[in-house]
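Asks: Note that the protein sequences, when read in sequence, are chains A and H.
Numbering-wise, numbering that gives the first Met the number 0 puts 242 at position 243 of the first sequence, and it's gapless, one number per residue.
Numbering-wise, numbering that gives the first Met the number 0 puts 133 at position 134 of the second sequence, and it's gapless, one number per residue.
Be a bit skeptical, because a hint or two may be false.
[To be verified] So, partial list: chain A residues that the calculated Cβ filter (under 7 Å) puts toward chain H:
1. E9
2. L145
3. A185
In case anyone wonders, no lab produced these hints; they're calculated from the structure.
Ideal Cβ placement from N, Cα and C applies to all residues, glycine included.
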Amino acid sequence: MELQAPFVLEYAYKRSTGPVIGRFLTALREGRVEGVRAQDGTVYVPAREYAPNGEALGEDWVTVASQGEVLVAAEGWAVVRLDGATTGLLHRALSPLSAGDRAHVHWSAERRGHITDIAGFSAQPAARVEVVEGEPVGRFKQPTRLEYLVHAGPTTAKFLRHILEDRLVGQRCRQCSKVYVPPRGACPTCAVPLAEEVPLPDEGEVTTFSVIHIPFEGQRLKPPYACAHILLEGADVPLLHIVGGCDVSEVHRGMRVKAVWDEEPAPTLGRVRYFEPVR
Amino acid sequence: MRPVYIAGTAELPEVELDKRDEAELVNAVTALALADAGLGRDDVGFTCSGSSDYHLGRPFSFVMALDGVGPWEPIRESHVEMDGAFALYEAYVRLQHGDVDVALVYSFGKSSVGDQDAIGTLQLDPYYQMPLGIGPAQMAALQRQALLDAEAFPELTTGRAKGRDGAASAVLTTRPMGPRIAHFKHITDAHDIGLRGLTRCASIRRAADGMGPVEAAFLHTPFHYQGPFLARELGLARVTASENDVPMVTGLSNINKAARSGVRALGHCTSGPCLQQNLLCVVEP
Numbered sequence: 000m001e002l003q004a005p006f007v008l009e010y011a012y013k014r015s016t017g018p019v020i021g022r023f024l025t026a027l028r029e030g031r032v033e034g035v036r037a038q039d040g041t042v043y044v045p046a047r048e049y050a051p052n053g054e055a056l057g058e059d060w061v062t063v064a065s066q067g068e069v070l071v072a073a074e075g076w077a078v079v080r081l082d083g084a085t086t087g088l089l090h091r092a093l094s095p096l097s098a099g100d101r102a103h104v105h106w107s108a109e110r111r112g113h114i115t116d117i118a119g120f121s122a123q124p125a126a127r128v129e130v131v132e133g134e135p136v137g138r139f140k141q142p143t144r145l146e147y148l149v150h151a152g153p154t155t156a157k158f159l160r161h162i163l164e165d166r167l168v169g170q171r172c173r174q175c176s177k178v179y180v181p182p183r184g185a186c187p188t189c190a191v192p193l194a195e196e197v198p199l200p201d202e203g204e205v206t207t208f209s210v211i212h213i214p215f216e217g218q219r220l221k222p223p224y225a226c227a228h229i230l231l232e233g234a235d236v237p238l239l240h241i242v243g244g245c246d247v248s249e250v251h252r253g254m255r256v257k258a259v260w261d262e263e264p265a266p267t268l269g270r271v272r273y274f275e276p277v278r
Numbered sequence: 000m001r002p003v004y005i006a007g008t009a010e011l012p013e014v015e016l017d018k019r020d021e022a023e024l025v026n027a028v029t030a031l032a033l034a035d036a037g038l039g040r041d042d043v044g045f046t047c048s049g050s051s052d053y054h055l056g057r058p059f060s061f062v063m064a065l066d067g068v069g070p071w072e073p074i075r076e077s078h079v080e081m082d083g084a085f086a087l088y089e090a091y092v093r094l095q096h097g098d099v100d101v102a103l104v105y106s107f108g109k110s111s112v113g114d115q116d117a118i119g120t121l122q123l124d125p126y127y128q129m130p131l132g133i134g135p136a137q138m139a140a141l142q143r144q145a146l147l148d149a150e151a152f153p154e155l156t157t158g159r160a161k162g163r164d165g166a167a168s169a170v171l172t173t174r175p176m177g178p179r180i181a182h183f184k185h186i187t188d189a190h191d192i193g194l195r196g197l198t199r200c201a202s203i204r205r206a207a208d209g210m211g212p213v214e215a216a217f218l219h220t221p222f223h224y225q226g227p228f229l230a231r232e233l234g235l236a237r238v239t240a241s242e243n244d245v246p247m248v249t250g251l252s253n254i255n256k257a258a259r260s261g262v263r264a265l266g267h268c269t270s271g272p273c274l275q276q277n278l279l280c281v282v283e284p
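For reference, chain A alone in the conformation it holds in the complex (with noise of 0.2 Å):
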């Protein structure tokens, strides 16, 4: 009954600095460290837009040492004051370090501008570093990646070996006795369970639909497609799919259309790869 699949959710991030954390990264590329000074004297490292007390900051920088008192170190990570910082700069120990000990900022080998060229706090002195040039940072790339292993759940997994089998089998709610497919946990009306399953045609109508020209990233299909409501027969909900097989400028509504599955048997509603007009 458990069905279950790998999800990964990753996303290639361009994030925009700003101005002041801009100028910090900017700097890290060059070989130096930064700060900004507040009114009150406080010198932030890493440079930040505001003071927790509101004031913007961003006016006046200092260049801080490039070595510190470490706050506090734990398990390869360290918190470190830099001589001329009132704050603390967060970053890995390259080496075992304790509170009140002396730290160096060591240099990444190749610097983009971005936090990680620092490479990390040691105890041992850092080589000076050559300055790289370059445009100042307005913007860096930032992958992400969580991987999943997701359950069905027991409404989606019945549903979903029904389609290993070629069938689209709804569910009828016991209260409203409304029909929705693809499957869900309750009745959205009456908030009770979805239990009875109900066989239903794989041929329906279009209740609307709109047409999409413009590509985006993770696509399918080659743009121009239409993404449609099909309202299968028996079926008080429609289903969200595609509509093939035909030029995007026939689609409209009221058509009548017909699952067209995949041959390779999968798990997954993908198996009907679109609805196809009846001819």
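Let chain A serve as the given structure and place chain H on it in line with the hints.
Replies: This is chain H only, laid out in the frame that chain A set:
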């Protein structure tokens, strides 16, 4: 302020969780809480939930889950990407408007489908911290070490509460049914741990201001060192720390425990690196 009472509470036994979809979870746990309160779905004037798609690995899971409370015809509803304790706070504030007398709160979460620490990393400052790859466990290790360095405690246990799946629900009402909410505050510290001293928790101290004495305290402590630390910050001799941690649920569950305790009791929820945010809810019979 209108007095607000916790009329009903519920949690779902963990064994059932793997067998249910989000909407079924929500349907079951809210039905239990409403039954506990002796109220029906038609009595509910506002619904508020706490959950995180990142913890569940399902885009729009919070929208799908809403089916479980019957959102058609349309209902007054809100959602926070936080623990249900914060949803409870929103519901409490919503009841102050005066036009609604009963609010339903629920939250659900699973720690088993993804890497909770990797999700914690993505919640950090995206410029200076997230790219380093540091996670909540390493942040916690830094705070624990800072407390030991300051000789604030002779020793502090390493380790953390066990990750679990779960769901919780509570029913709030302005009618005198069940224990009354006597104190409800949440306060946040600066996100960057380099900006705040780690040996004090200023946010929980401020949240506790005016809280009064309690006979029981259910604290949300994802890491074991946090139990004695927060007990000291709150000036409490005896507290109940978290053995298990259910993402988005433990805080609400703590408030439910306080409500069921039969004494003047505290329920706590934390969020963010090194106890950045702290919510305190005191209930009295």
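Asks: Evaluate each hint against the coordinates.
Replies: Results for each hint:
1. E9: 11 Å, violated
2. L145: 6 Å, holds
3. A185: At about 4 Å, which falls below the 7 Å cut-off, the nearest Cβ of chain H leaves the hint on A185/A intact, so it holds.
The structure fails to meet hint 1 from the earlier list, while all remaining hints are met.
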